[in-house]
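Number of protein chains: 8
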Amino acid sequence: MTSTSDFVADHDRKARIGLDEAVFCASKTPEQIASIVSRLSGEKKPALFTRLAPELLAALPEQWRRQLEWDALSQTAVLGSGSCEQKSGLVAIVSGGTSDARIVAECNRTLAYYGFEAAVCQDVGVAGLWRLQSSLSALKEFPVIVVVAGMDAALPTVIAGLLPAVIIAVPSSTGYGVAAGGNSALASMLSSCAPGLVVVNIDNGFGAACAAVRVLNAMNRLHGGS
Amino acid sequence: MTSTSDFVADHDRKARIGLDEAVFCASKTPEQIASIVSRLSGEKKPALFTRLAPELLAALPEQWRRQLEWDALSQTAVLGSGSCEQKSGLVAIVSGGTSDARIVAECNRTLAYYGFEAAVCQDVGVAGLWRLQSSLSALKEFPVIVVVAGMDAALPTVIAGLLPAVIIAVPSSTGYGVAAGGNSALASMLSSCAPGLVVVNIDNGFGAACAAVRVLNAMNRLHGGS
Amino acid sequence: MTSTSDFVADHDRKARIGLDEAVFCASKTPEQIASIVSRLSGEKKPALFTRLAPELLAALPEQWRRQLEWDALSQTAVLGSGSCEQKSGLVAIVSGGTSDARIVAECNRTLAYYGFEAAVCQDVGVAGLWRLQSSLSALKEFPVIVVVAGMDAALPTVIAGLLPAVIIAVPSSTGYGVAAGGNSALASMLSSCAPGLVVVNIDNGFGAACAAVRVLNAMNRLHGGS
Amino acid sequence: MTSTSDFVADHDRKARIGLDEAVFCASKTPEQIASIVSRLSGEKKPALFTRLAPELLAALPEQWRRQLEWDALSQTAVLGSGSCEQKSGLVAIVSGGTSDARIVAECNRTLAYYGFEAAVCQDVGVAGLWRLQSSLSALKEFPVIVVVAGMDAALPTVIAGLLPAVIIAVPSSTGYGVAAGGNSALASMLSSCAPGLVVVNIDNGFGAACAAVRVLNAMNRLHGGS
Amino acid sequence: MTSTSDFVADHDRKARIGLDEAVFCASKTPEQIASIVSRLSGEKKPALFTRLAPELLAALPEQWRRQLEWDALSQTAVLGSGSCEQKSGLVAIVSGGTSDARIVAECNRTLAYYGFEAAVCQDVGVAGLWRLQSSLSALKEFPVIVVVAGMDAALPTVIAGLLPAVIIAVPSSTGYGVAAGGNSALASMLSSCAPGLVVVNIDNGFGAACAAVRVLNAMNRLHGGS
Amino acid sequence: MTSTSDFVADHDRKARIGLDEAVFCASKTPEQIASIVSRLSGEKKPALFTRLAPELLAALPEQWRRQLEWDALSQTAVLGSGSCEQKSGLVAIVSGGTSDARIVAECNRTLAYYGFEAAVCQDVGVAGLWRLQSSLSALKEFPVIVVVAGMDAALPTVIAGLLPAVIIAVPSSTGYGVAAGGNSALASMLSSCAPGLVVVNIDNGFGAACAAVRVLNAMNRLHGGS
Amino acid sequence: MTSTSDFVADHDRKARIGLDEAVFCASKTPEQIASIVSRLSGEKKPALFTRLAPELLAALPEQWRRQLEWDALSQTAVLGSGSCEQKSGLVAIVSGGTSDARIVAECNRTLAYYGFEAAVCQDVGVAGLWRLQSSLSALKEFPVIVVVAGMDAALPTVIAGLLPAVIIAVPSSTGYGVAAGGNSALASMLSSCAPGLVVVNIDNGFGAACAAVRVLNAMNRLHGGS
Amino acid sequence: MTSTSDFVADHDRKARIGLDEAVFCASKTPEQIASIVSRLSGEKKPALFTRLAPELLAALPEQWRRQLEWDALSQTAVLGSGSCEQKSGLVAIVSGGTSDARIVAECNRTLAYYGFEAAVCQDVGVAGLWRLQSSLSALKEFPVIVVVAGMDAALPTVIAGLLPAVIIAVPSSTGYGVAAGGNSALASMLSSCAPGLVVVNIDNGFGAACAAVRVLNAMNRLHGGS
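Residue numbers (this note's numbering), protein chains in the order written: chain A, 1 to 226; chain B, 227 to 452; chain C, 453 to 678; chain D, 679 to 904; chain E, 905 to 1130; chain F, 1131 to 1356; chain G, 1357 to 1582; chain H, 1583 to 1808.
Quick caveat, the hints were computed from the structure, so don't treat them as lab data. Treat the hints loosely; a few may be bogus.
Unchecked claim - Facing chain H, from chain F, some residues (calculated, C-beta under 7 Å):
1. Gly1148
2. Leu1198
3. Leu1266
4. Ser1267
5. Leu1269
6. Pro1273
7. Val1296
8. Leu1320
9. Val1345
C-beta: ideal position from N, C-alpha, C; glycine also.
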């Protein structure tokens, strides 16, 4: 065994678990990211980069930075063209407030990268229940609903009590005091009194999208395409 | 100063803060409680005893035990007659599930001891929103609403977003996993996105009742009786 | 509004969210449970009772107790006949160790109540990876896999890295020291480096089953039955 | 359902719960805030902006920034004229130390926006009890007292033991070590041995003001104006 | 080195740090305690046993049990005669409520074992400040004051703001919800805004007494007896 | 895949990682344990059972119970003869106080099962440093030292600062208040300022023994027997 | 009561509790501090300012800044001349490592302000026990010893087991991982197995000095000067 | 005892515990570090400096900075030549992802300073198990394996279940949400179901290296060199 610290891209992942390679950038150095872009670019492989902060992007050498299609709100970048086909009508993303927009965007971009165009319905927190109610009939049609909420995170419980869809809840770190860091929202979602809610890590819009793709891919495998 | 460990009853409390004496029993020995009942009984003073578990009650000498009007669900006892007058229409107690009944009962008994007859509306958790909706028009009339909820504790947020009343939220320790001990409910209530919700300690039905009495007494002082 | 503390059964829930009524018993009194059984029994409604400890069962009046088909390991009971049809081949339940058997059983009984016969594969913790490997080809066929694990909870990460299924992870409270209560397993699952894992509350076999049913029902709605 | 991420202002809130719209700015981008100001300004709607940090204010386009009447200490801004009438003598704000001034200011500005002029009494922490005692006779007249305190947060307990008012306690994040973040103050307030104290989130001067307004509005509804 | 599991009594401790041997019993088996009593008794050595629960006492062989002078409230026992001389006027023990009596008793018994007779002043919690005020002039005379308090634990802060004594604060585990286990009281004491308060572990009446003895012994060493 | 819940013994483990099978009993039912004993006994396989509480042992059928050589203090049992050869002089177990004896015993029994006879040195906590100092020269000879300590857990730091051995620290759950559950000891050990200390889970005497065996086996493999 | 937010200096504090006024600056604005300096300066009153960061100092108007005698390491400033007399031989400050120097300095400056010249002995952490041992005979002479330590914080336990002095332990926030923020050191000190150790808040060198002054003042009052 | 704050280098440490002096820089000032370099340099003593951030390095006077051989990724510096001999084949460092590279580097540099050349195998997280499997046969040869992993930290469990080596696990603070700060990884490692895993503090690559050196030195002492 020779000493090696090279990034090992996981190109069989698509075949194995149905999800193309994605690179989490938050704790990597610019040198590490540049090296990854260089390698994947040379192999003509597509990839999604998440948590790519503007400072990190700016620190990349120009030749690699311009290969990335970067989005400011979601702090994601796509290398290569992503999925061409965009299936719609299968996933909705619902959020409690304007402050959750960055997580909604990360989820939305990830779904698009994997070939699903999500419907998005923001700012329908349960402190103003009538806002949600006007969206309910539209939401009823979706087999999978991602719900992003912070603070008391009551929204996924209310939706899961009204709709039969697969409900994937994403706690948001929005807030201060006991809500700071997202732990109140996480605990609220995990202890939801609505049956069958599932939860991902705080602020993990990427993970929620991947879970949605697992559901939709499973449907597809079982029924031979939709 | 002589060494003393006697319980010092606070009989001016009514005049000072508008709330008669109450005795928290959970961490007292039967001897200590018997001594308190003996003293108060001799002085013909009324008192409310909270968290008086059946084992503790059973360990009291017969002569003191029979002076107490004890209630099993709330684990409260009243010494003396309590308040004769019972004002109604001022406080409602709403709860999320059957499991919160003991807290609702403690709150209800405390309010009765202080002279207020509460309306009670249980099992209206937001996982089944229509149950709450059928009670809303009745709830609109109350100036003060105590809301007891455990687990995700979404109920007080929903109510505070729909009604103008004073909303006093009581987290319940009902539940398991991340909900165990009531901390998820407490955090959810404190970080509610509905404006102006106030919160008391976990399982503190007594404290919520006292807060309600403070509000109703303040109204009364300001306007010369209702 | 009259004062009421009656349990309000949610019989439209099946139509609304696709899941029949279930009753969580852990924090209810025998009187409350007897009253619920009485009501549902009178209305000829089926129901699943979870967290029904033997002491609680024993405290029920004989007439209601004998109506319940109770299972010791899962501490669940079914009132009425449950689902007649049992679809198989759609859900597998995998667990790390013998100690997780009670959660596996709760999940399994809940799935059966909702009409799904799960395949069960226990004691395949990753400390002995070859045990899992011999089950992998069989597991590949299932669209939904529930994974129960305690302590370091590495099992769902390993499975989610190898298989494309919907992976629903249930942290188990098995263990002591930092593992006590299940928080290490919960944190491990939520921070899994495998993409698209979803998580439910600690020891929540019931919730994992409900989530699986949501996925399978959504597949069914989309494709007109399977 | 079309994809939408627009902020949905809640202009019926005043009618519904008695509290005009307020916008929490801390986790919003300058673009999001500018868009909200633009919309509300076009509709001639008043609004209160909280947690509007100077950097965020500075990043707003000039045309929107000059429409806001911003206050540095409280980091709040008012769009429009706010409430013209200012009722006094109904709310007092008491605080433990100079360090709590920003929370006192947020509470004070919120009350003013909703039409109440608060009396303010700062730096009366219980480590110097005589400072509080000289203010007690004046405080006795107020039906509602907001108490802001950090660290050991003994102040609301002392006040609630001496006065019959509605006591709304706000934990402050002032301090270091075990006091850092405000959790010691929050726990101290929730476990107060004075009966009937109610608590809001850490540093939540806005929420305390809203709770006070709920109390005063309820008094007003019950008695037909004061 | 031979294998040994014998208890090693620390009989030079008196000479070294001024405090005679004491044995913490809570996590020892009856066999271990019996062996310790046997050894010390044979050597005619005095000792204080703390946290000696009645069940543990009852499980000791009769010959060793009757050598111990056991006290029910404090759950302490003295082997041998303890200190003959009892200096008074040097330490006062003050507590917030009747529920703290067991800790006060442990502290009091430990002080007596080390030769100091404490003045005791219970049930003077700050929710009823006038009770404390009537004791203040007496308390002013003591160089060392131990203050036991649970829940919000405001009492030591108030006393330390009024008196120049050495203030040793003992958090009590009395209470429920956020107060359960004594952590709210501990945090409150550590973050006290009164200068120069010192704190020991939750429920540690023994430790507070030892700290008081260290202070009084230091005074004595410096000034050649008092 | 057939549905199976059978315990899968790991008999190749010895060959693979050098450690024979061990069964953790704390969260298993008597039925599960009886089934495991039955199977292993039939196959003439040895096994170590840990956390086998007396109630659990008593609930086993007589035929299986008598096959187990059970030890009360350590709550361990050995099925079969264990390791015949007992190498000595390689591991020492040091502990802070009498209360840690059960963990020392679990570690000691596990080492014996794997063929190592440990030297044991108890009750040498650093609050009485001279007790440790008298053992130091003997301890210097051991290549591996397991140190069990609770509360402030200063002992492993002191030893690791004086001796070159491999130091395996085991936090003990002995204590109350902030020490309860062993978290203070765990944190103290992990943040030790002595270099190269390693730590296992709270109360995990078994794990510490296994770690010691890994070290000793590695020495042996490298040097062809000792 | 007029609205007031003025800082209320506590000039009787010296007479009442024996400690001159001190101002905690960390959460105050430059305007607030300037106003305090201005007032105290006008009244010719001395004061100690703690946690006065260089940025805060730099933001003060020149006229007030130059009145303060500021020290960089301790981040304290003295207004006026402080105590002229400096008693020595009464307090020693001992610390575990170079990293604790800022806390040692805060404690030392506070003691000097109150008239006590401390002996200081740094970098004697127990991972190198011989460093402490060489200082022991000198330390034996001091009636009060302040011990500052971070991480595993074993130092105060070792000292309290060897010396009869009053031991005031200060946890330091030095460290990372489980030691970050000082909680491991705090827990270690509170759960010390050495009897009679007392503890102050994390990094609270000021509070430890005040506690030492309380002890020394109490000695002085009892014996009429030393 | 004169007042002293000088750093006391521990040059006998090599003889005592087999590990040369190392200096933790994170909480020291540039002045303190410069003084240490100056002293050691004058005495011609080698030293390893850890957590020496670039800002801290840049703040050192040129004369001392150029004496240090600094490495950016590991943030370590070596003063003097370090160990000349580099033994290989004894330690492997394995990590889960690119983000753990800085910890791997700190461990690697520390091992090199102490004379061991480690084999390094990065990016083999268990979410992609086949990457690990291809390295297994090489890893089998090493007596000591350091495993660095963050988030769910399943990697050391998998390795410890497959290989007989001494496994030293280092939790990494990589990640966000529940993984932030490294506590999920730490808990996962401590509660590993693989027997005999040992753990060091979060991000403590230095400590893991020291532990490895202790093991290798112990082997060497026992067998007279390898």
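Non-conforming hints, listed in increasing numerical order
Numbers 2, 3, 4, 5, in rising order.
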